[in-house]
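Residue numbers (numbering that gives the first Met the number 0), protein chains in the order written: chain B, 0 to 323; chain D, 0 to 323.
Hint data in this document are derived by calculation from the structure and do not stem from the laboratory.
Rough simulated footprint, nothing fancy, chain B against chain D, three-plus residues with beta-carbon under 8 angstroms: (1) 133 to 140; (2) 200 to 210; (3) 221 to 229.
All C-beta atoms, glycine included, are put in the ideal place defined by N, C-alpha and C.
Protein chains: 2
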Amino acid sequence: MRIAVDAMGGDNGSKPIIEAIKQFKKDYPDVEPVAFGKKEELEELSSICRIVDAPDVVPMEAGALEVIRMKNSSMCKAISTMKEEGFDAVVSAGSTGGFLSAATLILKTIPGVKRSALVTAFPTKIKGKKVVVLDVGANNENSAEELVQFAHMGKAYHQALFKLDNPKTYLLSNGAEAHKGSPLVKETYALLNNHFPGFMGNMEARDVLNGEADILVADGFSGNVLLKGMEGIAKMMSSMIKANFKKNLWTKLGYLHVRKGFKNMSETMDYKSTGGAMLLGINGVVIKAHGNSDAYSFKNALRVAKEMVDDQVINKIRESLSHE
Amino acid sequence: MRIAVDAMGGDNGSKPIIEAIKQFKKDYPDVEPVAFGKKEELEELSSICRIVDAPDVVPMEAGALEVIRMKNSSMCKAISTMKEEGFDAVVSAGSTGGFLSAATLILKTIPGVKRSALVTAFPTKIKGKKVVVLDVGANNENSAEELVQFAHMGKAYHQALFKLDNPKTYLLSNGAEAHKGSPLVKETYALLNNHFPGFMGNMEARDVLNGEADILVADGFSGNVLLKGMEGIAKMMSSMIKANFKKNLWTKLGYLHVRKGFKNMSETMDYKSTGGAMLLGINGVVIKAHGNSDAYSFKNALRVAKEMVDDQVINKIRESLSHE
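Kindly produce the complete structure, drawing on both the sequences and the hints.
If you want it as structure tokens, here you go:
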């Protein structure tokens, strides 16, 4: 298994990515990461993996066309080499828009896929259980047929990741009742109901984390609002918690008693443990790591890439869409 | 000033509402609440305010037509009496869908208003500052022209509540850049940009609570996802915090040191202090209190109703839309 790694993208430069590759290689000696980036910066990886010199760095706000024009960029070269040499996966922490659209343009979508979707897993209040949400932002708008495909792709992804036989699939709506929702939701509901095994109905945004749903289907705009809205309030509450404990000697003393609980809590809420988001519907495993990934987070992104290849998620998507 | 109060709606029956009316009357002896509900249950209010017997209770999932057919329900009678006798406001903690659509059908929208919008204020990380968000769920879908009207109505509401001269208005989108967004967002952006004073551009869901925006405009579906998504994760984190402190004697001891900070935090996050949401665009002040309102929360809803009447928010909306 070979994984193309954009070693330059991301807010923190190549350092955490080099570290992540080292750790990943220790855990999975059989997998071959290939690092793309400034050769001299990646020197220390030379005994561990193949290095491809790609000295340019794609700016954070770059679009697809810019990326494709930057043939010597680590991001572009990672994707195009993956295609040319038939690698299994590509991972980048660089510009989301640029990476996703360049990957789509170069690798192409799986035959029959109308639109690709960005998928990620949210923590829930049930310990260890996650809910797979898609699309969280690859699209600005979607049709009902596209949402039905998202349900199929989400199921293949969920089964690859969690090996659950009959995941429960819900549709994000503004009310739980069958008749509630935007015209798009109503149309999608009608298509999924009685036709999609495991479809359980509509779900309000407030119930997404209650552990009931395994998969939540949303259009890219609403899914993005959900993801980022939750991220925003979680961040605000976390900094309020920290400030509470830092106030004075007594509150610091108080922290000593509860730190284990709060550490568990921030681990649960930590997006870094999910290792980024996958772009589903593309010919190949495409993983977008978080822009500010540290070594731990990026290693998780590499691990997810490996699992997706192991579980042949691309083939599963191909199959489930051909039966549709 | 007279305010029609549905004293039976809400998950907790008439008890907290009776208590709220008593407290409200103490704070504002000049305002006249009129209580609608089962006469025998409201007996103790007889020395404080007028009571109108309306023995039926609208079920939580009732729609507009059901409410209107239930002529002897506290909700329906409150709205229709408001119309007949020219009251200034109506407040209910009953079925959202039923209340909003019955109020719209009976009281009618302000001339020129295309769609009414549900507005509420979110806490931000800047102490004491709130951000006004609309529509949070009155509509299943909206046009760009409707969103422009929401911006006008939101401004009138914000000025009535916070007396700020030039509130900063943003549009909820999946990216902060001008070209980002759904087709609806792009169209609305073009209409607001350079035409709407104080329009600052697009805002991602993760930045809504950072204190930068005074007003956030969204279509009813996305606004609802934002509101309920935040509510869901805030609830989950709060219960994790509580569980952390309740673990054993040591963690309880820890809590003693930080309880003041955490109390402040839960007050900041407490939706009860906002007193519910207002339906903007209707002829008259229509306030939807939370279904599970306690006396404190319902009193805040009554206070918001009073402030909206004091500040003539309906006239302000009428004016701002006539200049449009």
